[in-house]
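Just so you know, the protein sequences line up as chains A and B, in that order. Residue numbering for the first sequence follows our numbering, starting at 1 and increasing by one per position. Residue numbering for the second sequence follows our numbering, starting at 1 and increasing by one per position.
Simulated from the structure, these hints should not be mistaken for lab results. Among these hints, one or two may not hold up.
Partial selection, computed: residues in chain B whose CB lies under 10 angstroms from chain A [as the list claims (entries may be wrong)]:
(1) T26
(2) K99
(3) D112
(4) I116
(5) G122
(6) A123
So the derived label-pair ranges between C-beta atoms look like this [as the list claims (entries may be wrong)]:
(7) A:E137 / B:I43: 44 to 54 angstroms
(8) B:G15 / A:R44: 18 to 28 angstroms
(9) A:E35 / B:S140: 43 to 53 angstroms
(10) A:S129 / B:E142: 20 to 30 angstroms
(11) B:N136 / A:R39: 39 to 49 angstroms
(12) A:V49 / B:R44: 35 to 45 angstroms
(13) B:G15 / A:E103: 49 to 59 angstroms
(14) A:G73 / B:P28: 21 to 31 angstroms
(15) A:T26 / B:E32: 20 to 30 angstroms
(16) A:G15 / B:Q56: 15 to 25 angstroms
(17) B:D125 / A:K71: 46 to 56 angstroms
(18) B:L57 / A:E32: 38 to 48 angstroms
From the three backbone atoms N, C-alpha and C, an ideal C-beta is built for every residue, glycine too.
2 protein chains.
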Amino acid sequence: MVKKEDICLCGDGEGIAVVLIGHGSTLPYNKEVLEELRRRIEIREIFKVVKVAFMQLNSPSIEEVLRTLAKDGMKKIVALPVFLADGAHTIEDIPKKLKVAFEGAWKEIGEDVELIYAKPLGADDRIVSLILDRVNEAVSGE
Amino acid sequence: MVKKEDICLCGDGEGIAVVLIGHGSTLPYNKEVLEELRRRIEIREIFKVVKVAFMQLNSPSIEEVLRTLAKDGMKKIVALPVFLADGAHTIEDIPKKLKVAFEGAWKEIGEDVELIYAKPLGADDRIVSLILDRVNEAVSGE
């Protein structure tokens with residue numbers, strides 16, 4: 001099993017690229033939500049680049065996005081699984097895909113590229129607040 | 001295919017029970033996050049009851065929780081899928097399980113029980129804020 005620690009090659013530097021990693025779905029909603037989150041982060045102009053990538057079913061794939069970023073000369077990439085909690089996908093599947101991309105063709109492009117794996121969303125009062133809104137909307141028939 | 005509209009029997013009333021529906025996982029984290037969210041909502045004392053239920057792999061199941069709530073005399077239940085976005089699970093699998101519970105043994109207990117199906121979290125600035133925190137933690141090595 002590939003642990004997330006295997007692909008966490010942390011450090012400091014300028015020009016961060018953020019990759020929001022979605023689960024992927026046969027329906028359009030996962031991709032739509034990821035793209036909307038990406039857009040809202042991009043307009044804040046905190047990071048040099050903000051991309052979405054999907055673990056499965058949708059494109060672009062994780063490997064495609066990492067390859068593009070490396071080709072574009074990005075030296076520091078933060079990959080964040082946009083999942084509520086850790087699970088088999090965030091602990092095994094996604095790190096495995098990141099590792100393959102990192103160790104494979106990508107290394108040929110830039111050995112000095114740094115890849116940092118961020119944590120999923122987790123339990124937080126901002127999620128609580130969002131849940132309360134959704135309950136209220138449901139009860140009021142919105 | 002069972003649509004969510006089939007189990008959305010909306011209306012007004014007192015004494016709401018909220019059921020946070022999690023995906024379920026072979027690892028403990030999904031259940032831990034759901035239970036922590038439940039605890040944080042419960043202590044706000046907005047709702048009469050707040051429960052967690054899992055679509056698969058963890059207990060209690062959706063049917064178990066709905067049955068318990070009906071037996072306890074709850075007349076208005078809001079079931080909320082704690083998922084980032086709609087997908088096959090929230091549009092087909094969970095509504096199907098809710099419908100089975102509602103149309104089966106549960107109806108014997110109380111035909112006047114109202115079941116409202118809420119929306120998943122969706123794209124929201126609170127999720128954006130949480131993502132930015134996770135990126136910052138990852139970059140600073142927290």
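So, going through the hints one by one against the coordinates:
Of the supplied interface hints, the one on T26 of chain B holds, with its beta-carbon coming within about 6 angstroms of a beta-carbon of chain A, less than 10 angstroms. Hint status for K99 of chain B: violated, given a least beta-carbon distance of 17 angstroms to chain A, over 10 angstroms. With 10 angstroms as the threshold, the beta carbon of D112 of chain B stays out of range of chain A, its nearest partner Cβ sitting at about 17 angstroms, so the hint is violated. A cut of 10 angstroms between beta carbons decides the hint on I116 of chain B: the least distance to chain A is about 5 angstroms, and the hint holds.
Annotation: G122 of chain B was flagged as interfacial toward chain A, and the flag holds, the nearest CB pair being 6 angstroms apart, inside 10 angstroms. Taking 10 angstroms as the C-beta cut-off, the interface hint given for A123 of chain B holds, the closest approach to chain A being about 4 angstroms. Look at E137 of chain A against I43 of chain B: about 22 angstroms separates their beta carbons, and that is not inside 44 to 54 angstroms. A hinted range of 18 to 28 angstroms is violated for the C-beta pair G15 of chain B and R44 of chain A, which are about 42 angstroms apart.
Look at E35 of chain A against S140 of chain B: about 27 angstroms separates their beta carbons, and that is not inside 43 to 53 angstroms. For S129 of chain A and E142 of chain B, the Cβ-Cβ distance of about 23 angstroms falls inside the hinted range of 20 to 30 angstroms, so the restraint holds. The hinted range of 39 to 49 angstroms is not satisfied by N136 of chain B and R39 of chain A, whose Cβ atoms lie roughly 20 angstroms apart. For the pair V49 of chain A and R44 of chain B, the beta carbons lie near 39 angstroms from each other, so the given range of 35 to 45 angstroms is met.
Separation of G15 of chain B from E103 of chain A is about 56 angstroms and conforms to the stated range, judged on CB atoms against 49 to 59 angstroms. Checked against the hint of 21 to 31 angstroms, the pair G73 of chain A and P28 of chain B fails, with Cβ atoms roughly 40 angstroms apart. At roughly 28 angstroms, the beta-carbon separation of T26 of chain A and E32 of chain B lies within the given 20 to 30 angstroms, and the hint holds. Here the CB-CB span from G15 of chain A to Q56 of chain B is close to 42 angstroms, at odds with the stated 15 to 25 angstroms.
Evaluation of the 46 to 56 angstroms hint for D125 of chain B and K71 of chain A yields a failure: the beta carbon distance comes to about 32 angstroms. Distance hint check for L57 of chain B and E32 of chain A: the Cβ-Cβ separation is about 27 angstroms, which falls outside the suggested range of 38 to 48 angstroms.
Comparing the model with each numbered hint stated earlier shows that hints 2, 3, 7, 8, 9, 11, 14, 16, 17, 18 do not hold.
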